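S.K.: Listed below are the residues making up each chain.
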Amino acid sequence: MHEKAITESVLSLVLDHAREAGASKVARVNVTAGEVTGVVAEYVQFYFDFLSKGTIAEGATVAVTSVPIEVRCQDCLRQFQPERRQWDCPDCGRRNLDVVAGRELFVESIEVD
Amino acid sequence: MEVKILKDILGANDQMAHGNRQLLEDNGVFAMNIMASPGAGKTSLVLATIQGLRGKARVGVIEGDISSSLDAERIAEESVPVVQINTGGACHLDASMIRGALGSLPLADVDVLLVENVGNLVCPAEFNIGEHRRIVVASTPEGDDKPHKYPAAFLGADAVVLNKTDLLPHVRFDTAAFTATVNAMNRDAAIFPLSCETGEGIDAWLSWLLAQLR
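Chains as they are written, first to last, in our numbering: chain A, 30 to 142; chain B, 88 to 301.
So that you can see chain B by itself, here it is in the shape it has in the complex (with noise of 0.2 Å):
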């Protein structure tokens, strides 16, 4: 006998994500789930945000790793509140986990929480946190075709990084394909060419951030 279910797989996670960004919303916390490959700069860019916003909105930060603390030690030496999950294998974040993690930040002392996903280009994107935006880093060493190979983190993104652009010179990346591409996937994506390590393009990125909290 056949019986019909037509349910979503990843119903049970979106109903925590729902009441994550619940408690966000009670709390007044912009949250933001940052995805990358490893290496992309997710962290620095975590911390020319904190940086950036000093004096301008309170930031808390949730890093999520397979393993180890060093990024939320990096993190904490920027005198932010910071939650390390460490998933012991599970290549993404969910909604589970972060519900957890909000448990252990001051909310009522946070304006914007930057949610730096696990290392990983393919997986994050699958799961709800409970976040109001997503985005997603590039860096011009990965190569210009990874908006192809990755549809599913590009066609969810808010705002594509594209970081490391003081390496231009040396590696092989067309910046006009891959901006094409990402408007022609998704038109509704902001795209920031910047370099963590420079500065350049940082203040940009910054006035969009600060623009979304309004």
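Chain A extracted, bound-state conformation (with noise of 0.2 Å):
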């Protein structure tokens, strides 16, 4: 639901990046969205589509990577994603829990000509 808010950054950091390496062109945006972010990767796209009209971004295509939740616990530093109802740490069955991936929202890179 926030993908148009996102893809509005999206593209401002896309133009900025290549118009100061001095491309003529965007063929490929490669974003990192974490799981718990929520972001729909075809959303992107197709706000990216409507927004990157008129611009040197106009039919990119914007790859999605997306990153599983993963917690450590902190009492035995098992690290696991956790499933379904599950946050007891499988070792040691405690619920002490740091969130270490999962959370990442950036734009990787870009591939320009």
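It is possible that some hints are incorrect.
[As the list claims (entries may be wrong)] Keeping only pairs whose Cα atoms sit at most 20 Å apart, straight-line, the calculated SDA-like set for lysine to any residue is:
| # | chain 1 | residue 1 | chain 2 | residue 2 |
| --- | --- | --- | --- | --- |
| 1 | B | Lys236 | A | His46 |
| 2 | B | Lys94 | A | Gly83 |
| 3 | B | Lys91 | A | Glu133 |
| 4 | A | Lys33 | B | Asp101 |
| 5 | B | Lys94 | A | Phe135 |
| 6 | A | Lys54 | A | Gly83 |
| 7 | B | Lys91 | A | His46 |
[As the list claims (entries may be wrong)] Using C-beta positions, here's what the derived DEER-type ranges look like:
| # | chain 1 | residue 1 | chain 2 | residue 2 | range |
| --- | --- | --- | --- | --- | --- |
| 8 | A | Val129 | B | His105 | 18 to 28 Å |
| 9 | A | Val96 | B | Ala195 | 38 to 48 Å |
| 10 | A | Phe75 | B | Asn173 | 17 to 27 Å |
| 11 | A | Lys54 | B | Ser191 | 20 to 30 Å |
| 12 | B | Ala195 | A | Ser95 | 37 to 47 Å |
| 13 | B | Asn173 | A | Ala50 | 33 to 43 Å |
| 14 | B | Leu297 | A | Thr84 | 43 to 53 Å |
| 15 | B | Ala195 | A | Pro97 | 41 to 51 Å |
| 16 | B | Ala298 | A | Ala50 | 29 to 39 Å |
Hints are computed from structural coordinates only; laboratory data are not their basis. For clarity, every value in this text was computed on a predicted model and none was experimentally measured. Every residue gets a Cβ at the ideal spot worked out from N, C-alpha and C, and that includes glycine.
Since each chain sits alone in its own frame, please combine them into the complex, following the hints.
M.R.: Listed below in structure tokens is the structure:
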């Protein structure tokens, strides 16, 4: 649902860096979005196609790499991906967790001509 | 040719949020960003908080809704400064909307700023607005599985209010399971089971809030 705001920011970053690099065309945008952010790749492409019209990024493919949520047990340091309703540590059974992956939201790179 | 960027997509929003935070602190205002699904009880909590803090702290409110000023009108009846933001379709408040609203509030006369976000348990969690604390309001009729289904909101919460405890005899809600999940996901989040309707549990919430100001 918030993909429009996110895509506006993506486009702004893409155009700034493409201009800085002296590019004439952007072919591809590589985005990393953690599972916790709830970003849906298809919606980002949809908004990007619309918002980039008339810019050098028009027609670019937006590739979103999803990072699954990963947590670390602060008691035994086991790292795992919590599944379905299981937030207990599979090793020690305790519930003292830190999120170590899955909240990322950044533009990794662009491919330009 | 590949050009590395490695920039946070919400960096511009974060910068604006940082500016908001500075503005709040320059004026001695403590801000709380209140998020929840529609109907969980955000406005009820805001009203109960205004009433409970009377004489103890001066409250200001920013109301966020897609449309209408119904909530702001209810708040205005409590004689506290309130600004209504209508997003016109955006499903969350962002830092730039808050910056605009802050300009319309008498910040020098406010101790606690309650920001009631758009009713939505997904998107508001992604957008810093410069708040000091994030409050998620869950409610018993929604079911006890919401932390699993909406991890972003619950992972980022400083406090989780569980509203409508008065309805527990009538709904299927396992309070122990809910609490255990929130604790596992976010051990630092304080949990406040309460009822805005009956007033049960409100005192603990108000005590916590006042303690945050110190």
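S.K.: Which earlier hints can't be squared with this structure?
M.R.: When the structure is compared with the hints, numbers 1, 2, 11, 16 turn out to be violated.
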